[in-house]
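Going down the list, the protein sequences come from chains A and B.
Just so you know, we're using my numbering here: the first sequence kicks off at 1 and counts up by one.
Just so you know, we're using my numbering here: the second sequence kicks off at 806 and counts up by one.
Don't read these hints as lab results, they were simulated from the structure.
Be careful, since some hints might not be right.
Claimed, not checked - Below 27 Å or equal to it, Euclidean Cα-Cα: the simulated DSS-like pairs (lysine-lysine) are: (1) Lys1155(B) to Lys186(A); (2) Lys482(A) to Lys835(B); (3) Lys818(B) to Lys482(A); (4) Lys1048(B) to Lys995(B); (5) Lys1184(B) to Lys186(A); (6) Lys547(A) to Lys835(B); (7) Lys420(A) to Lys818(B); (8) Lys995(B) to Lys420(A); (9) Lys938(B) to Lys365(A); (10) Lys835(B) to Lys420(A); (11) Lys482(A) to Lys815(B); (12) Lys1184(B) to Lys482(A); (13) Lys899(B) to Lys365(A); (14) Lys1032(B) to Lys1086(B).
Stated by the list, open to error - So these bits of chain B aren't anywhere near chain A, every CB distance computed over 10 Å: (15) Lys832; (16) Lys895; (17) Tyr1014; (18) Asn1036; (19) Lys1055; (20) Asp1076; (21) Pro1210.
As the list claims (entries may be wrong) - Just some of the chain A residues that point at chain B, by a computed CB distance under 10 Å: (22) Phe72; (23) Val339; (24) Arg358; (25) Glu405.
In this text, a Cβ means the ideal position worked out from N, Cα and C, and glycines have one as well.
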Amino acid sequence: QTEATFVPRRGGTGESWEPADAAAVPFLPPNASCWIPSLMPEDVLYRGVLRRKLQAGKSGAALDFTKQLGNFFVDHPEDAFGSLGQLLHKNFYLGNSKLRREARDSTIRMTALREEIDRLEARRGCPRKHLAPRLRWFSHLCRDWLFEVPLGPLADCVHEELLLQWAGLLFDDSPTGGALAWLPPKDMGARLGRLVYPGGQAMNHLYFHDVVLEELPRTRGSPAQFELNGRIRQVAAARVDGEDFVGVRSDYHCGVWRVPGRTGAAPTPLQVIRTSMPASCLTVSPHLPGELSVCTHSGAVCLWNVETGLQRLRHDPQTMFFRDHSPWRWSDFTAHPRVLSCADRTGLQCLDARAPERCHFDLFKVGEEAGCQQGERVVLPMYLGRAHPSQHLVTTQFSLYVLDERLPLVPMLKWAHMMKAPPLFAHLMPGGPGRTHKVLLGASHTQELLLLQYRVFTNQFLTCPSTGGSRSACQLVGPPQKLHSIASCLQHLPVQLPHRHHLLQQRLGTPAAGLAAALQEDGPQESLLVFQLSEAGDVFCQRLTHKAAQPPMPTAEDEAAPQPSPAVPSPATALRYRRWLKALSKGCGEPPQPARPPTLSQKRLFTRKELALPADPSTLHGQARQQLRQTMWEGGCIQRWAPLASQPCTPLPPVEPVGELDPLSARLTAAWSADWGQWWEERTSFNMAQRQQALRERRRRQKRARGRRSLSASFTSSLTYQSELSELSDTAPTPLSPGPPPVLPREGSPPRSSPPASPPPPDEALLSSQSLRCRGVPQERRKTLRDYLALWAEDPPEPPEPPGS
Amino acid sequence: SSHKHKLNFKKSKEVCLSYIQDAMLQKQWKRAAEFMTFYAESLEKDFSTAYMGPSEMIWRIGTEILCYHSHSSMKQFNSFMEQMKTLGVKRYLKVCLEHAFHLLCNGLIDEAYQTLSLAESWRFGEQTAIQDKEMKLIQAYRGLLDYYSWSKQKNILLEHGQDGFEDLSVEQEMHSCFRKAAVNLKEIIKVPGVWDVFVKCYVDLLEFYGDHEEACQVLKEYAYNSKFPSNPNAHVYLYQFLKRHGESKKSLISALKILHDIVPSHELMIDFNTMLQKSKKRKKRRLGLEVIFAALDYAGWKENVKAWSCLARQVKQIVTSEKHLDWIKQEWNSRRDWWPAFHFSRYLAKRNWQENESLSYEKALVAGIVLGKDCKYFKYVSHQGCKAQVKRFQILKKFVNKHSPVYLRISG
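Put together the whole structure using the sequences plus the hints.
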C-alpha cells in the first residue's frame, strides 16, 4: 500500500484519433439565398491619414463616425431631405444649359456645385484636398435647415450603434453555446441520428434533418422546418427519458421543441417565451423533461418548466464577485436537478431553485484560488454531467478549468488552451469505462477547433497539490489536438477566378456559429464526426477515426505515429466540394459559367486555301502546326500560347515585305510591325476612298522604310505586340463582332510561299441581315460588317498608284 | 528604423510562436522543436512585462515538446531543465518543482529527492511571499519522499521483526526519515489549502508512533478550520480516523453530519443512513430518512440499488409501524413536483425493469407508498413482476394495496 505511484495532471498518451480527410467537407448544400458578408473592421474604422493622426494620440480604435452619418443621408435621402427637397426642387436647377432670363430670379443653377462634389469624390483619400469655396459656402448656407432629421439624436444613435458594432467585432458573445445540435441515434449502434441547425437568409429557419451515419454522412429525406421570428443564436439539446428536448434561443424569444423517441417522428414545438431584454443563455435540463434555464441581459436567471412556467431565481444586474460591465449571464444544470449553476463574467455560483435567496454556494471565482491571470473572464461554463455527475467545465479566454461541485473553488484541472479567440462552443463526448472523455472546444472568429481528452480518477492522488485530493481528480490525457476549420478547405477547392476566390474566402472564413459531434461505432471501427456551422449557415463536417491502441513497438516506430492528415481530399470529398461550389454559385445569383470557353470558327478567319499545307512546309511551319494542335488537344487558349520552355528561342528570319500583298499578308505584316490596330481601323472605316488613300500612304511608307528594317526591330516589336494581345484577349470576343478578331500569334514569318491571295467571296447567307440578326449583331453595325465583308469580295489586289509616286 | 526593426522582431516572434503552437497541436513534435530553436532567439530582447514572457514560454513549450518528442531522453530533459532554472531567478523554484514532478512520474524517486534538496538550499536575495510558498511546497514534497522511504523501511523492519531479527541501523534510519518527514509535513498543513496527501501521510506517521492526540488534532484542524477550502475529504479522513480508533457512535455521527451538510451526495451517506436507522433515538432516525432522501436527489444516485433499498427499508418500517408518517410527508412535500418525473416515469419503469430488477423492486415500493398504487411506475413494475411470477413482487403488490390509505395521508 505504500508503493507510491505518481500520475501527472497532464500527460500520458491518450486515444489516437486521426483525421480521415484533408479538410472539412461540406455536409449540407450552401445555405440558400444571397449571403451578406459580415461586417469587417475596415467598414467602421477610419482609414488613411486621419486614422494615423487619431491613433497617434491614443491606442483605441478610431471609429469612422462621419462616414456612417454620411451614409445615412445617402441611403435615406427621402427621410433626410424629403419635404424640403420637394419645396425647393423648382428653385434648384441641375441641367447643363443656361437658365432662361425669367427663371433666373427664382432659380439657382446647382450644376457647378455637383461637379465640385464629384471632383471631391474623385480626390477622396488625397491628403491635400481642400474644400472648394463653393461647397463651403453652400454648407454654411444650408447647414441649419436643409435636413429635417434632428442631427443631435441621429448622431447619438449612429454613435451608439457604431460602438455596439465595434464591440461585436471585438467579441460577440451572442452565439455562445452554438446553434448546432446533434440528436444521437435512439439506440446504440443505430445509424440514424438527427442534426438540428438554423438556416435561411436571416438564419431564422430551424431545421431538423435526419442524418445517416456512413463513411461520409449524408442527410435523408427533407428536413422538418420551422420559421422563427428572429435570428437563431443558440440551439441546445438534451435527452431525458429517451426523448430529445431542443431549446432554441434568439434575441427576444426562446422556444422548446420535443423530438419523440420513435425514429422518424416529427418534432413538436412545445412553448415559446418572449423576453424584454435579449436572452444570453438557454440550457436544457438533462434530468427532467421539459425543463430549461434561461438568462437575460437584465441579469435574470429563470428556471423554465413547460408545465409550470417560469420561476425567477435571481435578478441582479450587478456581477457576483467584482464589478464587470458585461451583461452576459449563463446558467446550467448540476448534479442536483433543483440546483442550477449561474454564471457571469466573474465566476459561477450554484443556486437552489427551492430557496434561491438562502441556498447558494460559490463554485468558481475568477481570482487567486484558481490562479487566474489579470483580466481573465469566464467565457463558457458547461455541465459535464454525462461524463461525471458532479463535474463542470469552465473556459476563460486563457484557460480551461474542470471543477467538482463537491469541492468548489479549487479547480481539479487547469490548462492554458492558447487559443487565439475565446472558446464559445464546447461539446462533450463521454467515454465508456476505461476510456477517456472527449471535449471539443471551438472559437467563433478564428474557427479554431480543439479536441481534448480527459480522464477521471478515483482513488488516485496526483502530484500537484492544488488538485482536489484523492477523490475524483482528473487528468488531461495526451496532447490536445487541432481539428480542421471550415476555412482550411479553401486550398482543396478547384481553382477559381480571383474575385470568386475572394468571395469564397470570405464565405468560408465567416465566424463559426456552432459545433456538434457524433460518435459512430461500426463494429471495431470507431469514428467521430464533427459538425461545424458557420455564421453564413453552412454546415461542414469532418471525420476522425480511432486507432485502437497497439502494443508499443520497441523500435523507432513512434516516429511514424503522428500521421499527418492526408494531403489531398479523396475523390468522394472532391466531388462534394465541386457540388457545393456549383450550388453556391447558383444560389448566389452569379451567372453560371459557360460550359465551354467561347470558340471561334476558323472558317471566318482563313480560307481553306490559306490553311492548306504549303507544298514544301518549312520546319518552323511544322512546329507551329504541331504546337497549335497540341494546344487544341489540351483545350488551352491559343492566344496565350507561350513558346515551349524547352525550345530555345530561334532567331526569326527577317521579314521581307512583298510588293504585292494579299489581305492576309497585309494584315499579318501590319501585325508584325505593331500597328495592326490601326490597320483594322482603316480596314473597317466607312470611307472606302479614305481607306484606300491611307493604304496607299502606308504602302509608300513601308517602301521607304524597307531599307531601315532590321531583325532586332521587328523582333522587339513582335514581342510587345504579343503581350498587348494577351491582355486584350482576356475579354473574349464574339465571332463576327466588328471588333478585331483574335489572331494567332505566330512563331515564324507569314507563309511567304502561300498561293497568291484571293479572298473568299463572302457567303451570301452570311451577309443577309436576317443571319446577322440571329448572330446577335446589332442593326446599326450590320452595315459596317457588310461593308467589311464586301471588301473581301472586291479583291482589290492593286489599288491604282497615286500619281507622282 | 530601430523602431521598425523592433516591431518586426516582435511580429516575427509572434509568428514563430504560432507556428510552434500549430505544430504542437498537430502532434508534429519534430517540427515544433525546430521552430523552438529559432524561438530561443527571442530571449535576446526580452523586455516584455507580459504575463507570460518568452522565457516562460520556452520553458513550458519546451517541456511539452520534450515530453512527447520521440527522440527525447531523460538526460536531455534534465539538461533542458537545468538551463531553464538559470534562465529566470523568479521562476527557479517553480521549475525545480516541476522538474521533480516529472522525475517522480517517471519513477525516478531518488533523483527527484536530490532535485528537491538542491532547490531547498537555494537562496537568492529576499524571499517574496510567492517564493516562500513555493519553498514550503518543495519542503513538503521532500517530506513526502522522506515519508515513502520511512514506510519502506518500516515494512522491512516489520517483515524482519516477524523473524525475530532486529536491524538497528535500519531502525535508526527509519527514525531519521520520520523526523525529516514530520517537520516538513507539519509546516505545509498549517497553510490553508488542499493538502490531502500530506495530511494523510503525516497522520500515518503520528499514528505509528502512537501520537493519537496530535493526529486527531491535525485532522480536526484540517476539517474544521474555516480558512481552509471546504474539503469533503478532510471530513472523510476524520471519520475514518475516528472509526479506526473505535470512537463513540456519537462522534462518528457528528463527523458524518457535517459531511452530509457539505456534500449530501457523498458515498458515505449510505453508511450514515444505516447507522442512523439503527439508532434508538427518534431524532436520529428522522435524520436518517432526510439523509437518504437527499442523497437520492442527485443524478449520480439515480440507479444506486443500495440507496434505494435503504430508503425502501425505512419507508416500509415507518408504514408498517404507522408511526411518523409525517416524516415521509414532509420529505415528500418538497419533492412531489419533480421526483415523479425524475425517478418514477413510465420510461424509467420499463428501463429499470429490463436492466435491474431489484432496483425496480425497491423503487416500486417507494413509488407505491408515496404516489399510490395507481402511479405509473408501481403499476408497470408490479404488473411485470406478477406476470413473471416473481414472489417478492406479488408480496409487494399486496403490501402496497394493504397500505393504500397511507398514500392518502401522505399526499393530503
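Right, here's what the structure says about each hint:
no.: 1; hint: Lys1155(B) to Lys186(A); verdict: holds, 15 Å
no.: 2; hint: Lys482(A) to Lys835(B); verdict: holds, 17 Å
no.: 3; hint: Lys818(B) to Lys482(A); verdict: holds, 21 Å
no.: 4; hint: Lys1048(B) to Lys995(B); verdict: holds, 24 Å
no.: 5; hint: Lys1184(B) to Lys186(A); verdict: holds, 25 Å
no.: 6; hint: Lys547(A) to Lys835(B); verdict: holds, 21 Å
no.: 7; hint: Lys420(A) to Lys818(B); verdict: holds, 15 Å
no.: 8; hint: Lys995(B) to Lys420(A); verdict: violated, 40 Å
no.: 9; hint: Lys938(B) to Lys365(A); verdict: holds, 21 Å
no.: 10; hint: Lys835(B) to Lys420(A); verdict: holds, 23 Å
no.: 11; hint: Lys482(A) to Lys815(B); verdict: holds, 25 Å
no.: 12; hint: Lys1184(B) to Lys482(A); verdict: violated, 52 Å
no.: 13; hint: Lys899(B) to Lys365(A); verdict: holds, 24 Å
no.: 14; hint: Lys1032(B) to Lys1086(B); verdict: violated, 34 Å
no.: 15; hint: Lys832; verdict: violated, 4 Å
no.: 16; hint: Lys895; verdict: holds, 16 Å
no.: 17; hint: Tyr1014; verdict: holds, 16 Å
no.: 18; hint: Asn1036; verdict: violated, 6 Å
no.: 19; hint: Lys1055; verdict: holds, 25 Å
no.: 20; hint: Asp1076; verdict: holds, 16 Å
no.: 21; hint: Pro1210; verdict: holds, 29 Å
no.: 22; hint: Phe72; verdict: violated, 38 Å
no.: 23; hint: Val339; verdict: holds, 9 Å
no.: 24; hint: Arg358; verdict: violated, 14 Å
no.: 25; hint: Glu405; verdict: holds, 9 Å
The structure fails hints 8, 12, 14, 15, 18, 22 and 24 (numbered hints given earlier, in ascending order).
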